[in-house]
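J.: Given the coordinates of chain A, work out where chain B with the ligand should sit on it, guided by the hints.
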Amino acid sequence: MSRTESDAGARPNVQFRQVGKPLTRTDAPGKVTGRTPYAGDYVMPNTLHMRVLRADVASARLTRLDVSKARALKGVACVLTAADMPDRTSATDIPGQTGQKRLDTDQPILVKDRVRYFGEPLALIAAETRDIADHAAELIEFELEPIPGVYDPLEALKPGAALVYGADNIVAERKIRKGDIEAGFAEADLVIENTYKTPFQEHAFLEPEVGLAWVDENDVVNIRVSTQVIEHFRPIADAIGVPHNKVRVRGALVGGGFGGKEDLTVEVYLALLAKHTGRPVRLEYSREDSFVGHGKRHPFVLTYRTGVTNEGKITAMDVQMIADAGAYVFLSPYVVLYALVAAPGPYRVDNLNVFARAVATNNMYTSAFRGFGALQACAAYEQQMDEIAGTLGIDRLELRRRNFLKTGEPMSTGFVPPSAIWTEQCAEQAWAALGEPAPVQGPIRTGRGLACYQQSYGRLTFLHDTSEAWVGVEMDGTVVVRSGVTDIGAGQISALGQIAVEVLGVTLDNVVIYNSDSAVTPLAGTTTATRALYMTGNAAKQAAETLRARLVERAAREFGVEAGDVDMAFNEVFVIDRPEKTMPLVNLVRICAAEGIHRSELAIFRAPFGDFLDPETGQGQAHPDYAYGAHAVEVSVDVETGEVEVLKSIAAHDVGQCINPAAVEGQIQGGAQNGQGYALSEEMLYEEGRLVTPSFSEYLMPTAMDMPRVECIILESRSGVGPFGAKGIGEPAMTAVAPAIANAVADAIGVRVFEMPITPERVVRALQQRDAS
Amino acid sequence: MYAPFELDIPTDLPGALAALANGAGETVLPIAGGTNLIVDIRARRERPDRMVGLGEVDELKGMEFGPERIAIGGRTTVSDLLRAPEIAREAPALIDAARLFGGLMVRNTGTVAGNIASGSPAADLVPPLLTLDAELTLASANATRTMALDDYYLGYKEDARTPDELITRIAWPRLPANAVNSFYKLARRKGDAITVTGVAVTLAAADGRCTRARIALCSVAPVVFRARQAEALLEGRALTPALIDEAAAEAAAAARPIDDIRASADYRRHTALALTRRLVGQAWDRLA
Ligand SMILES: Cc1cc2nc3c(=O)[nH]c(=O)nc-3n(C[C@H](O)[C@H](O)[C@H](O)COP(=O)(O)OP(=O)(O)OC[C@H]3O[C@@H](n4cnc5c(N)ncnc54)[C@H](O)[C@@H]3O)c2cc1C
Chain A
21 MSRTESDAGA RPNVQFRQVG KPLTRTDAPG KVTGRTPYAG DYVMPNTLHM
71 RVLRADVASA RLTRLDVSKA RALKGVACVL TAADMPDRTS ATDIPGQTGQ
121 KRLDTDQPIL VKDRVRYFGE PLALIAAETR DIADHAAELI EFELEPIPGV
171 YDPLEALKPG AALVYGADNI VAERKIRKGD IEAGFAEADL VIENTYKTPF
221 QEHAFLEPEV GLAWVDENDV VNIRVSTQVI EHFRPIADAI GVPHNKVRVR
271 GALVGGGFGG KEDLTVEVYL ALLAKHTGRP VRLEYSREDS FVGHGKRHPF
321 VLTYRTGVTN EGKITAMDVQ MIADAGAYVF LSPYVVLYAL VAAPGPYRVD
371 NLNVFARAVA TNNMYTSAFR GFGALQACAA YEQQMDEIAG TLGIDRLELR
421 RRNFLKTGEP MSTGFVPPSA IWTEQCAEQA WAALGEPAPV QGPIRTGRGL
471 ACYQQSYGRL TFLHDTSEAW VGVEMDGTVV VRSGVTDIGA GQISALGQIA
521 VEVLGVTLDN VVIYNSDSAV TPLAGTTTAT RALYMTGNAA KQAAETLRAR
571 LVERAAREFG VEAGDVDMAF NEVFVIDRPE KTMPLVNLVR ICAAEGIHRS
621 ELAIFRAPFG DFLDPETGQG QAHPDYAYGA HAVEVSVDVE TGEVEVLKSI
671 AAHDVGQCIN PAAVEGQIQG GAQNGQGYAL SEEMLYEEGR LVTPSFSEYL
721 MPTAMDMPRV ECIILESRSG VGPFGAKGIG EPAMTAVAPA IANAVADAIG
771 VRVFEMPITP ERVVRALQQR DAS
Chain B
11 MYAPFELDIP TDLPGALAAL ANGAGETVLP IAGGTNLIVD IRARRERPDR
61 MVGLGEVDEL KGMEFGPERI AIGGRTTVSD LLRAPEIARE APALIDAARL
111 FGGLMVRNTG TVAGNIASGS PAADLVPPLL TLDAELTLAS ANATRTMALD
161 DYYLGYKEDA RTPDELITRI AWPRLPANAV NSFYKLARRK GDAITVTGVA
211 VTLAAADGRC TRARIALCSV APVVFRARQA EALLEGRALT PALIDEAAAE
261 AAAAARPIDD IRASADYRRH TALALTRRLV GQAWDRLA
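Sequence lines, in order, name chains A and B.
Here our numbering is used: position 556 in the first sequence is 576, and no number is missing along the way.
Here our numbering is used: position 210 in the second sequence is 220, and no number is missing along the way.
Check before you lean on any hint, since a few could be wrong.
[What the hints assert, rightly or not] Simulated crosslink set (DSSO-like; lysine-lysine; CA at most 27 Å straight-line):
#: 1; chain 1: A; residue 1: LYS426; chain 2: A; residue 2: LYS195
#: 2; chain 1: A; residue 1: LYS668; chain 2: B; residue 2: LYS200
#: 3; chain 1: A; residue 1: LYS217; chain 2: B; residue 2: LYS200
#: 4; chain 1: A; residue 1: LYS217; chain 2: A; residue 2: LYS178
#: 5; chain 1: A; residue 1: LYS333; chain 2: A; residue 2: LYS132
#: 6; chain 1: A; residue 1: LYS333; chain 2: A; residue 2: LYS195
[To be verified] Label pairs and their in silico Cβ distance ranges:
#: 7; chain 1: B; residue 1: ARG109; chain 2: A; residue 2: ALA792; range: 30 to 38 Å
#: 8; chain 1: A; residue 1: TYR185; chain 2: B; residue 2: GLY65; range: 51 to 59 Å
#: 9; chain 1: A; residue 1: GLU708; chain 2: B; residue 2: ALA275; range: 18 to 26 Å
It is worth saying that the hints were derived from the structure and are not from the lab.
Yeah, the Cβ is synthetic: ideal placement off N, Cα and C, and Gly gets one too.
Only chain B is shown next, with the shape it has when bound in the complex:
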């Protein structure tokens, strides 16, 4: 049984932001695909008084492929990503994640901003976006600001967004010339399953050295996070198996996993290490 709620369906961005702004005394939530929110409402984890549907807000759709940067609207669906050949070239990790994301129905309706804003530690699109140095545009009725995705999460299901803000755009710089970007989703089955351990990696190289290292992990801590110490070990160096092992151990040490019905904390730590080592190793092999 659903508790009753009001539903606004604005037809443009100012309308949507206005609808979010005048929510004094009520719980107002934006709803995009609803693939998180409806589940939460049904389970009574969320009880909005009013929801603002984003389905008709065209400003939140679309992708731009600039000479330096790529930007996608917050309402871009997972299937939209899979249909864009440029994304496959410029953000292969995002495609790795999108291909194993939910089932077809969820991919057709679930959105990138919804994935980010859900704050789930198991949000699959977030590690790839972190390794791409993605930046978010947050807009409210009176202001627009940008922030690094890396600064967005404050704690378990806590983020920097104010209730009247929308994630309108997600943007990231094009990958440097000699770079590899990949994501691995480990789950209890291939199709339609919640990630047990997810690892994304970006590695760039020049002159036999690693010029950029980004490692991000999901489902192994209260928030999706970047393994900065592991990255620091790799950047500026020529990678060796021993160094890669060390970085992988760093990444696993940065994890703060829990035991749950899908896996134990030990297993998550074990696979965080194994997968980081594997992804970094494979990337380095391809760059060499």
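In isolation and in its complexed conformation, chain A is listed as follows:
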């Protein structure tokens, strides 16, 4: 790992004591020693065990559902079907604070009459043991009368296509109309058009969905669950028909999210059965349940038509995107919005048309996944850049250099990102780090690829995102942080601790963080959209700074100096450059306590609030800010078998300010693996909507044997809108990996595979087609 610090244009370096150091994360010891309980580890006496019965075809009418035998089975406490509940739906439109909802497309909690996707839930069972619940599921009789479905978004757009719901299958349409596209193409010496396809992807978190729910003495439904979003307590309450203050979601440390635990998963089922039985209920998905139980990454078909001059300057770009939304809406409208905004990538394109659509099919519904549409756009625009470079005969990095969006320039939506744009620095460093090329041997060819990206961090500004954090100093000088933020394994809460102790001048082992409880920790919003550090980090910093100002003010009086002369570090409060004027923090805290000076602070951070983008032109501010970086790889390709091996994988990201470099590197390593699987080996195959790769023996993520050493180059422009100038790395770490690999494969074999994953068979077929023509 290497780090490059700020140079011209960025804010000056600051002396940090805690931030920017690879400290042992606060959550590490518990995880390493196995003491950390995950949501599935919580037990309660008298618990019932749940099972969800699912449809085994993708498009059908439910003509009969008879649960009488299951109900009669000894040990079965409750079986619920749609007939047992009012017409309630469970919406995961936009989680959190906006309250937007589209009733006609929300998913019914249980199938009433129409099955729209394979695995749609038919009935919920609670029994004394899991075995009894499984047995009960077998006793449920149901008949599904097939209805013709539609399984390809392009087919779904055709007149006369089977309707998934509504009047047509269009879930969302977004546009950008910027500059003068005709003039732009007229200016071009060359127009290049290609269509790229990206696949479904499974989140494949280590910890499948799991939760435990019970009704407490105040009639509050408590749900201990593995989730990225505790603020689903509101839609859960709506779904089961109780007031919002009667549902409490208590998270736990999460064994991976990646967007797959952004929507509701098991919560509503748990809440319903806890309510119905009055007993604690537990639901744990098997891996197979998990494969059919949550939404996937949207497959996209992206057509890029790019006008360029002979010198390689892009004059116009027309982009058509179609995303498979699957059978229900979920976050599709927002995913295509992200794809729309990201369409030109980190390049300056003044004449731009983008048309992005999400289309309903009877495939598994698709929703959030790390990169959220912007990643699919990158998969296409970066392959298109290489196609342009190849056609013009311009070096691939040089072509990019001639088009990079620079700091202070307007992006696709006309918005000028407030931070520094260091794409070029990242690209150069990643490319250079590839070093000497590996030798070519017989049928084994080698090739290199580069991809650059632009990825937002923070949620859409029209969502008016806020986040709260509370910071307090105890009587002995130890620090407590409270914030509702969920920690999905990336070190979210540890970063809050690191920020708070930086400001308060104590060390990380002196902080305890309470998080992820919708009733008692200040609500912090979701851990999604690369927003947790940006939003909650800013809130924690704000709270800590206000508190610090109060403490320092009191200390200054004690020392008889100005507040500006006082500093706090390593649990001491002192006058700068006067070593004799010092006192332990604990003494200062006692003085404050004796005088009733408030030793805690609750802060709210508000992201920039914006309006929706102009519906016709797509112009406006979509996000608070953007992150930029690059990924470079070298691959070998066996031209006889089509096998691809990634030999070198190098990431260079401007993270703004690293809070914990070890955690940043963790994200980058994981992103490199996640993106490599997406590019090469992970494949979800559906036959008429039925998943035929429902386990890890068919769905293949890269193993340690498939991964090269991943080199991480961390750049710090200190220009971001997060705490201390931080940007974000959760999603960005993955965005450019797959197109870099695709470009390297094309470089190695001289022909492009336009559809991911680039399987050995697709490589062989591309070579055969080239040889045949």
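T.: Same frame as chain A, now just chain B with the ligand:
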């Protein structure tokens, strides 16, 4: 959910064979590592009434390295193979297969006899053993017999073993002096993946001629098989690229692959040819 079953845990071979023998009216299955069987039970492809655990049967463990022959017990695990330097010398193809076999947990518990008896067309240890001319010892409570591994498979998941028999030993002759033995596993990823096309080759040479050719393929037909016509083309001749091409085409023609989620039949045929050509070519280069 598992259907209930009885589990016997005999502590010696006669006990195990007796336990398998008195299974009138029930489905009785031996279980070694369980890395196939437990998966099958969970998926309800197998519903044994009783299982006979082989974990405590020491007679099924161990390896013997005789002057002419090598023999290993049926309960030898994949990791046992990897830990034996003699196997690396005497059966390099077996090591090629073992190194890319499952993940560490599966290698530590999965056994050679289990791999053979599973009858899977994708059993990775079988092509190497076929190219080594391996022979199986099958024992039941009343009889013991030996048979060539090559005669063991009768059809898709059909074999010559009777339900009361155990594969107790796998034995093969030491490789001749000037010989190469190798295996290539082509899969959709390197670690822990089911083979898409697997090819094993043994080639021996003397005086510039090929004195022995063995070619075996997995995952490209209902059973793992030897490409006898390809072998016959090579034996007794000095190999040329054209001859190797021809043999590889023979091997691919003998394949009867299917389309499945991992690959198409066409791709399997294509790679069966390419890999046979490559392995035979490389072996011949090393022998020359
Ligand atoms: C995650 C995973 C990865 C895998 N990867 C691979 C791989 O890369 N390559 C590969 O080839 N296989 C692979 N397998 C399959 C399996 O691990 C192997 O086939 C293994 O060798 C089976 O051995 P076992 O001892 O576990 O057999 P078991 O599951 O115990 O038994 C398998 C069958 O053989 C029978 N049997 C067992 N022992 C004997 C005996 N001594 N005599 C007669 N019959 C017997 C059983 O009754 C059963 O029918 C994998 C399996 C898993 C779960």
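J.: State for each hint whether it applies.
T.: Consistency of the hints with the structure:
Between the alpha carbons of A:LYS426 and A:LYS195 the distance comes to roughly 24 Å, so the proposed pair stays at or under 27 Å and holds. Of the pairs offered as hints, the one joining A:LYS668 and B:LYS200 holds, with about 16 Å between alpha carbons and a cut-off of 27 Å not exceeded. With a C-alpha separation of about 25 Å, the suggested pairing of A:LYS217 with B:LYS200 holds against the 27 Å cut-off. In summary, the hint linking A:LYS217 to A:LYS178 is supported, as the alpha carbons are separated by about 19 Å, within the 27 Å threshold.
Between A:LYS333 and A:LYS132, the direct Cα distance comes to roughly 56 Å. Violation of the 27 Å bound is thereby established for this hinted pair. Distance restraint check for A:LYS333 and A:LYS195: the Cα-Cα separation of roughly 23 Å lies within the 27 Å cut-off, and the hinted pair is therefore satisfied. Range check, B:ARG109 to A:ALA792: about 37 Å between beta-carbon atoms, so the 30 to 38 Å window is met. Taking 51 to 59 Å as the suggested C-beta distance range, the pair A:TYR185 and B:GLY65 conforms, at roughly 55 Å.
A C-beta distance of roughly 21 Å is found between A:GLU708 and B:ALA275, which places it inside the suggested range of 18 to 26 Å.
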